[in-house]
Amino acid sequence: MDGGETDEKGLVMVTLPVQRARRTAFTLPPRVLALLDISLSISGAALSLFMIMHLGLLLTILFGEGTLDELAGFLERYYLLQAGAPFVVLLLIAHVFLAARRTPSSFQRQWTLIQHLGRTRHPDTWTWAFQILSGVALLAIASIHLWVVLTDLPIEADKSGLRIFREYLWLYIPFVVLVESHMTFGVYRLAVKWFGTARGKTHVVLGIWTALLLSLGIAVLISFYRVGSDL
Amino acid sequence: MPDRELRFRVFRHNPFDPESTPRMVQFQLTETPRMTLFTALTRIREELEPSLQFDIVCRAAVCGSCAILVNGKPRLACRTRIETLPNDITLMPLPFFKLVADLSVDTGQWFRDMGTRVQSWINAREPFDPNAEEARMSNETAAEIYELDRCIECGCCVAACGAAQMNPEYLGAAGMLRIARFLADPRDGRPEAAVFDVVSTEEGIFGCIGLAACEDYCPKDLPLTSRLAYLRRKTALLALRKSSQVEESTVADGYA
Ligand code: FES
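In order, the protein sequences belong to chains E and R.
Okay, so the first sequence: first residue is 1 according to the working numbering, each after it adds one.
Okay, so the second sequence: first residue is 1 according to the working numbering, each after it adds one.
Bear in mind the hints are in silico, worked out from the structure with no lab data behind them.
Mixed in with the good hints, there may be bad ones.
Derived pair list, reagent style DSSO-like, types lysine-lysine, alpha-carbon separation capped at 27 angstroms [unchecked claim]: (1) R/220 / R/98; (2) E/201 / R/220; (3) E/201 / R/73; (4) R/73 / R/98; (5) R/73 / R/220.
Computed far set for chain E versus chain R, every beta-carbon distance over 10 angstroms [as the list claims (entries may be wrong)]: (6) 81; (7) 141; (8) 177; (9) 195.
Where chain E lies over chain R, by a calculated footprint (3+ residues, C-beta under 8 angstroms) [stated by the list, open to error]: (10) 66 to 75; (11) 108 to 115; (12) 177 to 185; (13) 227 to 233.
This one's a predicted model, so the numbers in the text were calculated from it and none came from an experiment.
Even glycine gets a Cβ: it sits at the ideal position worked out from N, Cα and C.
Based on the provided sequences and hints, a complete structural model is requested.
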């Protein structure tokens, strides 16, 4: 045997060479792959935080239009909104690209995934497929929402109310539902991927959390609708 | 509830026979007390269809050869009790692996290749001295190694994994667990860069998208998601370090 030494008992000692991983020409360097994976999770977490903050600001509508207008006026006067919006848009675009990397792109892989989903019917795999579909839908809805709101500043309760009452209710109901569920499944997957969280417990906590966010979101929507219909 | 009439729909195909086409074949059996899928398959072969191929060796959830898809879910035939199943039972070979014939797939080849890729052996720190006293190891370390060594290489984790179906080069939860097993072992002194190179790839930990089906269908209840998460965290931290530091480290200390 090559490179083997024999000890006094006549046993051959072989030291196996340490091999480096096989690498093909088109794989990304390990460092980049790691950073892309971290960035996907961080951008998702950051967007979730933003959404919670956004909901927090909207909750002021429950205390009357005046409160919301005052808050919006404050954010705009000190350019907090104008400074924050581009940042959020960039974050959103980054999240879309990072997530798209993990989405099966060829028809063959998509078909493989569909067959697997139908065959094994594993719940957590289904929620992942849901993330892809809801992500695509959210990208479209969020783009419309950002365009409509940001091209029509300042933000005022009356204007938003009318918008929801007259035109966009059909868009905002799925928007609220999809945002909250996409967020829940995303945070859940983040916890499993990075911390291996006990999944049974996470289900309960996230279930309650989502129910809370959903009901607050719907309450905000109803308030806006009322404001619009009263005008 | 014995006496049930069971209807089995079984996948049949022999890829080595040019005449053969993939098809589903029906078999009927009457349930008997404490029947397992192993008993049922053996009876089908003995009483109804002697040419049916499937793998059963230990019938005690030890050898890992009997994994098949039972109504779409990867299970060990030898430890699946019929009373937990409905009257209609569909049996398919595990996806992802090479089909031998009918319900039999070649997991051995894949696991051997995986073992080579992750270097499934102790990379000794020093040349072995047969006369020296064995190095001591704490109870916790020994228990951890033993826990991670319980994998029976049945392939259920890979067959259940959506990421693996879409990426045939993926090392799977079994591969990641194997790496975690050697990282837990103080006798192993593999260089950090070697671990990092295997793990920090699309075939390694970054091929994992956190579906957790591996853990849900592991017949040995191995702690897969927690060890995968551990590898992901450590690898990400190493990635943030300077590459020269990773290159120079002779042992996988960053993973400790
Ligand atoms: S026959 Fe050995 S694990 Fe089932």
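Cross-check of the supplied hints:
Of the supplied pair hints, the one linking residue 220 of chain R and residue 98 of chain R holds, its CA atoms being roughly 23 angstroms apart against a limit of 27 angstroms. Between residue 201 of chain E and residue 220 of chain R, the direct Cα distance comes to roughly 21 angstroms. Compliance with the 27 angstroms bound is thereby established for this hinted pair. With a C-alpha separation of about 24 angstroms, the suggested pair residue 201 of chain E and residue 73 of chain R falls inside the 27 angstroms cut-off, and the hint holds. For the proposed pair residue 73 of chain R and residue 98 of chain R, the alpha carbon gap of about 18 angstroms is at most 27 angstroms, so the pair holds.
Proximity of residue 73 of chain R to residue 220 of chain R is assessed by CA-CA distance (about 15 angstroms); at most 27 angstroms being required, the pair is judged to hold. At roughly 33 angstroms, the least C-beta separation between residue 81 of chain E and chain R is larger than 10 angstroms, which holds for a residue marked as non-interface. The beta carbon of residue 141 of chain E is kept farther than 10 angstroms from every beta carbon of chain R, the shortest such distance being approximately 24 angstroms. For residue 177 of chain E, the condition that its CB be more than 10 angstroms from all CB atoms of chain R holds, with the nearest at approximately 23 angstroms.
Residue placement check: residue 195 of chain E does not keep its beta carbon more than 10 angstroms from all beta carbons of chain R (closest about 5 angstroms). Counting residues of the stretch 66 to 75 of chain R whose CB falls under 8 angstroms from any CB of chain E gives 4; the rule of at least 3 is met. Evaluation of the coverage hint for the stretch 108 to 115 of chain R: breached, as 0 residues show C-beta separations to chain E shorter than 8 angstroms, against a requirement of three. Coverage of the stretch 177 to 185 of chain R by chain E is violated [criterion: at least 3 residues with CB-CB distance below 8 angstroms; count 0].
Interface restraint, the stretch 227 to 233 of chain R with chain E: holds (6 residues with C-beta to C-beta distance below 8 angstroms; minimum three).
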